[in-house]
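K.L.:
Just so you know, the sequences run in chain order A and B. The first sequence begins at 1 in the numbering used here and counts up one residue at a time. The second sequence begins at 1 in the numbering used here and counts up one residue at a time.
Hints are computed from structural coordinates only; laboratory data are not their basis. Hints may contain errors.
It does not matter which identical chain is used: a pair holds within one copy or between any two.
Said to hold, decoys possible - Okay, derived cross-link-like pairs now, DSS-like style, lysine-lysine, Cα gap no bigger than 27 Å in a straight line:
{"hint": "1", "residue 1": "LYS125", "residue 2": "LYS50"}
{"hint": "2", "residue 1": "LYS40", "residue 2": "LYS96"}
{"hint": "3", "residue 1": "LYS124", "residue 2": "LYS113"}
{"hint": "4", "residue 1": "LYS50", "residue 2": "LYS40"}
{"hint": "5", "residue 1": "LYS165", "residue 2": "LYS125"}
{"hint": "6", "residue 1": "LYS40", "residue 2": "LYS113"}
{"hint": "7", "residue 1": "LYS125", "residue 2": "LYS40"}
{"hint": "8", "residue 1": "LYS125", "residue 2": "LYS96"}
{"hint": "9", "residue 1": "LYS113", "residue 2": "LYS125"}
{"hint": "10", "residue 1": "LYS124", "residue 2": "LYS165"}
{"hint": "11", "residue 1": "LYS40", "residue 2": "LYS165"}
{"hint": "12", "residue 1": "LYS50", "residue 2": "LYS124"}
{"hint": "13", "residue 1": "LYS40", "residue 2": "LYS124"}
{"hint": "14", "residue 1": "LYS113", "residue 2": "LYS50"}
2 protein chains.
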Amino acid sequence: MTRAESTRRRIVVTAARVFCEQGYAASGMEDVARACGLTKAGLYHHIRSKEQLLFEIQSYGMDVFEEQVLRPAAEHAHPLRRLEDCLERNVLLLTKRRSQEIAVILHEHNTLKGDARARINARKKRYVRFLEQAFREAMRRRLIRRVNPRVAAFSFLGMVLWIYKWFRSDGVLSPERLAREMRALFFDGLALETQPRRARP
Amino acid sequence: MTRAESTRRRIVVTAARVFCEQGYAASGMEDVARACGLTKAGLYHHIRSKEQLLFEIQSYGMDVFEEQVLRPAAEHAHPLRRLEDCLERNVLLLTKRRSQEIAVILHEHNTLKGDARARINARKKRYVRFLEQAFREAMRRRLIRRVNPRVAAFSFLGMVLWIYKWFRSDGVLSPERLAREMRALFFDGLALETQPRRARP
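Assemble the whole structure, with the sequences as input and the hints as a guide.
P.N.:
In structure tokens, the structure reads:
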């Protein structure tokens, strides 16, 4: 990483924190500059505009998500293992690493416009399609009952991504425990443990 | 309803639409006044401040939610019926009636401060406790397996409330179908239909 690249990364990470704390619309470039220990002119040397900064934060958040969640989960050939691994990794990303870039993606889902919006949305849609395909494959292989893949995908996403709104790392509920509980809830359901479960590989 | 009350209601509903479209922080009282067909002075005759307006929108959204979801669902003595009815009603509230007041509650979850925030949060927490108690009761009566009631409640909420972010009433997926699918997904799980289900009343 060059020095300019590492300054840019520091700006992106710091701005994500500022936007999380104050909200994007309520934050000015002065606030970001101050939090970075830069002058406003110094900040504009690296970043063209607040919109550009929001796009860079969301792009970086998607990089982190794809690297830590999507890519490793996709390696499982078995569609249920793929989904379960994906759910646990996504929960851990939101709780353990507390990625504020991800929170900015989730909260400012409607803020970017034009080409920047299209580019982030394309990456989000790739995640939705990844989930839908895994649900379809699990149905075809008779590992789960017939469900609407779109509803299943967005139910999975809602359960997992809502975490950014309520989870506090106060130690009562550990990230690992939450990941396990949510996996069991989503994949094994609420059926009593004494009853037979779905087919396991 | 007096004339002043009905004007106030109209302001609250219109402002909810403005805040949904433009975002709360990016909206000015001019925008709200214009959308209501009022002068800014006319608007301030009814509402003290933008914060006051946000509080009134969220209060009205909670009224609608409690009347259409919580109160009727609470009438079921059977804890699973209570939870299932609650889930379906909440999905329908978010999709069919497209209540923008509810979207403002969900999106601006971190915006209110002080007493206003405490009052809205107390009503939200009542919903969480309602769900946790129903899960606990269902466990006690051995209707479902042992789960962490907090995780179950927030998983239920995430699945359902995320709808405001992705659902478009384009006719492909009807509100009723979505409500049925989500209920089945959450309560019956992904287990194959040929396997025995959990105990039914």
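K.L.:
Would you list, in rising numerical order, the hints stated earlier that this structure does not obey?
P.N.:
Hints 2, 7, 11 and 13 not satisfied by this model.
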